[in-house]
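Chemist: The residues making up each chain are set out below.
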Amino acid sequence: MATTTLTKAEDRTAVGHAARIAHVSKSFGGPEGQQLVLDDITLDVAPGEFVTLLGASGCGKSTLLNLVAGLDRPTAGSIETPGGRPALMFQEHALFPWLTAGKNIELALRLRGVPKSDRRTEAERLLELVRLGGAYGKRVHELSGGMRQRVAMARALAQDSQLLLMDEPFAALDAITRDVLHDELTRIWRETNVSVLFVTHNVREAVRLAERVVLLSSRPGRVAREWTVDIDQPRRIEDTAVAELSVEITEELRGEIRRHGQH
Amino acid sequence: MASTETAAKDTARDLAGLEAGLDALDAVRVSRTPVREVLVRKVLPPVVAVVLVLVVWQILIWAKVTDDYKLPSPSLVWGEVTDAWAQGTLLGFIWTSVSRGLLGFLLALVIGTPLGLLVSRVRLVRAAIGPVLSGLQSLPSVAWVPPAVIWLGLNDRMMFAVILLGAVPSIANGLVSGVDQIPPLHLRAGRTLGATGLRGTWHIVLPASLPGYLAGLKQGWAFSWRSLMAAEIIASSPDLGVGLGQLLEQGRETSSMSMVFLAIILILTVGIAIDLLIFSPLERWVLRSRGLLVKN
Ligand SMILES: Nc1ncnc2c1ncn2[C@@H]1O[C@H](COP(=O)(O)OP(=O)(O)OP(=O)(O)O)[C@@H](O)[C@H]1O
Ligand SMILES: [Mg+2]
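Residue numbers (the working numbering), protein chains in the order written: chain A, 14 to 276; chain B, 28 to 323.
Honestly, the hints are just simulated from the structure, not real lab data. Wrong hints could be hidden among the right ones.
Now the in silico label distances, taken between C-beta atoms and shown as ranges [as the list claims (entries may be wrong)]:
| # | chain 1 | residue 1 | chain 2 | residue 2 | range |
| --- | --- | --- | --- | --- | --- |
| 1 | B | L66 | A | T205 | 51 to 57 Å |
| 2 | B | G44 | A | G90 | 43 to 49 Å |
| 3 | B | D302 | A | G147 | 34 to 40 Å |
| 4 | A | R232 | B | T228 | 35 to 41 Å |
| 5 | B | A155 | A | G42 | 23 to 29 Å |
| 6 | A | G90 | B | L45 | 19 to 25 Å |
| 7 | A | L84 | B | L225 | 17 to 23 Å |
| 8 | B | G162 | A | L84 | 31 to 37 Å |
| 9 | B | D302 | A | E204 | 29 to 35 Å |
All C-beta atoms in this analysis are idealised placements derived from N, C-alpha and C, irrespective of residue type, glycine included.
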């Protein structure tokens, strides 16, 4: 199944884990009976590790993230997140339009139990972190798409969770903005030491960001293969090393998809 | 080591510059309309419309299309206004009705809001009283006046009962539809931030449903006002004081068509004024702050 060589990522599992997904299955009851979406998924995310989950559209990536986030329960298996409730970033920014950018972050702080007197400074620090120092009083609709995703990232970080779940957060952005946000995410990940489980169907994005790429098969979703990415950060999406590994993974992904056309 | 550090600094500066450029290109510019334009576009048209109605009215009088006692001239009605003003009763009429209407409306707000929350959030409650609540909206509240008089007598309590029966369903239904229209994404985002149960209701559900809720309030006010006028016209008694509805009824009894016209115009004016002064600005403010108001 997996062709992982022993790496630093695996060493870290010995010390603990940010998320442990053990034999998780999920089926949805539909009018034509049960539909098995995830089948016996086992996956660990080590503390401080960056893992991308790669898979074709509809293979159950969002379903898996929702399970880890605790928004839904698995049909079988167990999920542990020892660091508490994970933070989740959606494909759409999911910011609350009735609050300003700064107040969106302060709400997350408030729900985390940060005292009122500290919230403003902390919110401004987080906005600085995503390089949006002047955006505190801006309404969501006054921000561009890339700025919204950065505020959403700041709000997710405001939860101060050990684990950050990201569900195709940059899929709707143009290529240049996405590039910039990749750099930002890598920087923030290295500065904060948060563990990231990042979902995407973009192979290059997966390789650009991750220490480990996990490929899911479709219908039902299973872990098909894993790769460890041993390329130094900061990487660029057009680096040859990134491109080479992407080609290899794309071949595998195509094989997975082709398998479904055969029956 | 030093060279990699400077390189890292360079890429960081590059990135910051690139980001600043992208933000500047993408940022939405918000400008305010100048006062003169507001006057020309918003104030002038309704003023012209009112003047036109007055002109047509005066022409009908000059053309003697009907008897004097059926259609009083604008100047006669204006005379009625100045008389009432000189006697100091005009504001009294208005205040009697407006204070009743607003108090009733506030009561309806206090009852309708939790009711709407309950119906929208608790499935069993919705199944039980949801259909009744929306059905009640189509029942004209005049229908409640006779039973209210029999149960409660000719007093202010009966007036408030009629107002509540008219306005509570509107307010509750407005909130229910506001809650139903919340994008599921916002609810899920709230849950991942830890806003569950009562905290979820307070921080997410209530603010998210505000546009629908305000529409319900607006309609609730219209229903309050209408119900109150129906109650005042049907149930007049010396103890109740003279509101606008009683004024209209008095005009009918004394065959003073100018008084009837005065009452109708005042009822209309108050209804519109409350809407224009309170509800419309509130609604526009909420929609604008969420970027839901498109200027064209
Ligand atoms: N609540 C639900 N009820 C029934 N079926 C569902 C539900 N949620 C997801 N599914 C099904 O599960 C499968 C996986 O959905 P999911 O959204 O997890 O895919 P995905 O990998 O995130 O796809 P995409 O890349 O398009 O976002 C789909 O076939 C979908 O129809
Ligand atoms: Mg998805």
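Chemist: Compare the structure with each hint and give your call.
Modeler: Right, here's what the structure says about each hint:
Between B/L66 and A/T205 the C-beta distance comes to about 53 Å, which sits within the given range of 51 to 57 Å. The supplied range of 43 to 49 Å is met by B/G44 and A/G90, whose beta-carbon atoms lie about 47 Å from each other. For B/D302 paired with A/G147, a C-beta distance near 38 Å keeps the hint of 34 to 40 Å intact. One distance hint, 35 to 41 Å for the beta-carbon pair A/R232 and B/T228, holds here, with the actual separation near 38 Å.
Against the hinted window of 23 to 29 Å, the Cβ-Cβ separation of B/A155 and A/G42 comes to about 27 Å, which satisfies the hint. For A/G90 and B/L45, the hinted distance range of 19 to 25 Å is not satisfied, since their beta carbons lie about 43 Å from each other. Checked against the hint of 17 to 23 Å, the pair A/L84 and B/L225 passes, with Cβ atoms roughly 19 Å apart. Roughly 36 Å separates the CB atoms of B/G162 and A/L84, a value that falls within the hinted 31 to 37 Å.
For B/D302 paired with A/E204, a C-beta distance near 53 Å fails the hint of 29 to 35 Å.
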